[in-house]
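K.L.:
Here's the letter readout for the chains.
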Amino acid sequence: MNRIIILTPLIILLIICFFSLTYLLSGKDPNKPPSALLNKNVPSFESTSLYDTKEIIITTDIKNRKTLINFFASWCSPCKIEHPLFFEIGKKYPELYLLGFNHKDQTSDAKKYLEDDGNPYDFVGVDADGLIALEFGVFGLPETYLINEEGKIIFKFMGPITKDILKNEIEPLL
Amino acid sequence: MSSLVGFLSLVFAIGINFYLFLSRYIFKFQKQKFNLFIRSASLLTLLSFFSLMYAYVVSDFSNYNVFQNSHSNKPLIYKISGTWGNHEGSMLLWLSILSIFSFFFSFTKNIDESFQRLTLIIQSLLHILFGLFIVFTSNPFLVNSILVNEGLGLNPILQDPGLAVHPPILYGGYVGYSIVFSIAIAGLFQNTDDEWLYVAKKWSLISWTFLTGGIALGSYWAYYELGWGGWWFWDPVENISLMPWIAGLALVHSLMMVRGEQAIKKWIVFLSILCFSLSVFGTFLVRSGILTSVHSFAADASRGIFILLIFFIVTGFGFLVFLLKEPKKSNALNLLFINKVSALVINNILMIIATLTILLGTIYPIIIEVLYNKRISVGGPYFNSTVIPIMIPGFLLMSIAPILSWQTNKINNSKKYVLAFIILSVLVLIQSYFLDFNAWGFVGLLLGFWIILASIIAILSSYKIKINIKFFKIINPHVAHIGVGIAIVGITCSSVFQNELDFNLSEGDKFNVNGKTVLFEKIETTNQINFQSLRGKFLFDIEKNQSKEIEAGKNYYPVSKMITSEAGILHQWNKDIYFILGDQKNNEWFVKVLINPFVSFIWLGVIIMIYSGLIAVTRR
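Chains as they are written, first to last, in my numbering: chain A, 1496 to 1669; chain B, 61 to 680.
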């Protein structure tokens, strides 16, 4: 009995080390929590256009075509970094629908941002109160989702996308 | 140049420690020579650290680490603190503090020479492990491959005077436990007399005092910098500093109470190993980047694996030695229903359960993510509803523990205590009846005041009051407990009776806080040396002539493009009025005002605990 008590710390140590090592080796990045939405249907949304409040987009509008959804804002500096890449994607894959959601932003600021840096999106939806981002489980800006023809989320990325991620992770899915 | 000096002295220090380790088996040294080597290894490590600091101070951007984490516009204090404001530098600080402890330990007198030597050799082994970790995975002396004349800047959230000194003090606690660990292991190997217990007591008190100061600085920083109005968030990084703190508290108490009982001695060895293991485990969790928080600078799996290996070796070695070399003689404990020994045992059991509960909550998310690939977070609700109830019996006990007898169940003046407890309960009950009744508030206030009152009764009735140093040393345990009591009152009031008010205001508006009129004077933006500041100026209590000005706002750091919030706090002895400036909408600013009663008591309690930690170090 006494032995078992003295062995307990070693057993606990082994358990802790086992799980920590598995965690480290699994290549998980704590900055990128696994998304509960991956391989699930895209959440339903409804949003008005940044440029014309009468123009709206709803979930069914992106049915039957591959869609890349990007959450961005004028106040988000990493968004500025990834911004030019969307022009590249748009040029290379003209059939891909690029949907931008302007997250918790002032309309005038957002318009100016897209004027200065250019507008790569086919449609810019307004998400002024952040409710759409909430539905998507957005963790922090920028965040990018790829939706397939069946309306399932097949890829999600937190943070600014880079050329490498575009080449190695997004393009194979297109 | 300074990078080269730093790197070479680090490598030399590791080399000397390796040589010292070999010396145990191959070449035997004289005492003087041994001490000379251990001290020069310590000084070389410090030289390495200071050359990194020098590179920061002169903004030597040819050093990659300086380039990544500094900027020539920063004020001097943040250039200095930038040395440890990053992963590599903070590991070098870790190693330097280890060296400082070895250095001072080598001067300890009146202990067995071979015991001292063995302790220092174990320290050398730790130095080698962590030194190699720095050289191979976290070298702060890498040369920048491109020529640059400006750096990338220090994380702005770390640019704060409180936080500049927080890491060295906290590390003083974490790393201080290394010497306690080495003493305990050396004690197991040599199994000599009990002299090592006194040495261990001194060093564990020093470490614990540093740890207390470090944790308090960190939470004070969180209080006014994060702008959430709280000071403890059960954040994983806070938890991993709390675990060695509680285990260290158990260790300090056991060391003060030990009277040659073998069972307690065994327990002390166990706690010593546990404290340092928890410190290394904390270092692992933070440095591997498994936990994301303000503390994790970068996630890097190879570093994580290396430091996990160190954790495994150190802890595994410690507990294995403990398993194989446990003290054999048995000497029964004098356990009675309520005497000093039984109070100590109960207290230790509670503290270990609390530590394990926190450990479980901290690593649970990791286990769940490995097993189910789900991200969960364990936060306040879990810890509040588990750790606090576990601690309550301990708090009750600590009020009278110092006056309990060793041999009998009798408590002197027990009637006084019973009477005082009843009167106090009635008073607190009346007080909570007139304010909003809250069960936690009632329990917390009763406990806090009871600890203070019982300690004061104990001082008055058990000792003759004299104003001299000896007297303060004798009543020190009671003073420490009064500190805890004051802190509990502060913690209870500031968390249970916190009041929150929200306003939407334009410049020039007047509003009412706690019966006082406050004027939202104006919004001011200014350019500071390394940031732009936005401040809302408030005049508190404008009806009086001496109205107080409060500034709350945000800072924008252009180099790293980050915004930090700066809460405006009006400190009064019985409450803090805490202003947070929110966003602007349609020319109106969102202003949140929190009234935190008796926050100052928390810091006062902590200061008393630190004071009595220092007094206890001087007492044999």
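Just to be clear, a hint being listed does not mean it is correct.
[Unchecked claim] In silico SDA-like cross-links for lysine to any residue, where the CA-CA straight-line distance does not exceed 20 Å:
{"#": "1", "chain 1": "A", "residue 1": "1651", "chain 2": "A", "residue 2": "1536"}
{"#": "2", "chain 1": "B", "residue 1": "475", "chain 2": "B", "residue 2": "491"}
{"#": "3", "chain 1": "A", "residue 1": "1599", "chain 2": "B", "residue 2": "648"}
{"#": "4", "chain 1": "A", "residue 1": "1599", "chain 2": "B", "residue 2": "650"}
{"#": "5", "chain 1": "A", "residue 1": "1651", "chain 2": "B", "residue 2": "75"}
{"#": "6", "chain 1": "B", "residue 1": "385", "chain 2": "A", "residue 2": "1603"}
{"#": "7", "chain 1": "B", "residue 1": "434", "chain 2": "A", "residue 2": "1603"}
{"#": "8", "chain 1": "A", "residue 1": "1575", "chain 2": "A", "residue 2": "1536"}
{"#": "9", "chain 1": "B", "residue 1": "526", "chain 2": "B", "residue 2": "622"}
{"#": "10", "chain 1": "B", "residue 1": "88", "chain 2": "B", "residue 2": "75"}
{"#": "11", "chain 1": "A", "residue 1": "1599", "chain 2": "B", "residue 2": "622"}
Quick caveat, the hints were computed from the structure, so don't treat them as lab data.
K.L.:
Are there hints from earlier that the structure breaks, and if so, what are their numbers?
P.N.:
2, 5, 6, 7, 8 and 9
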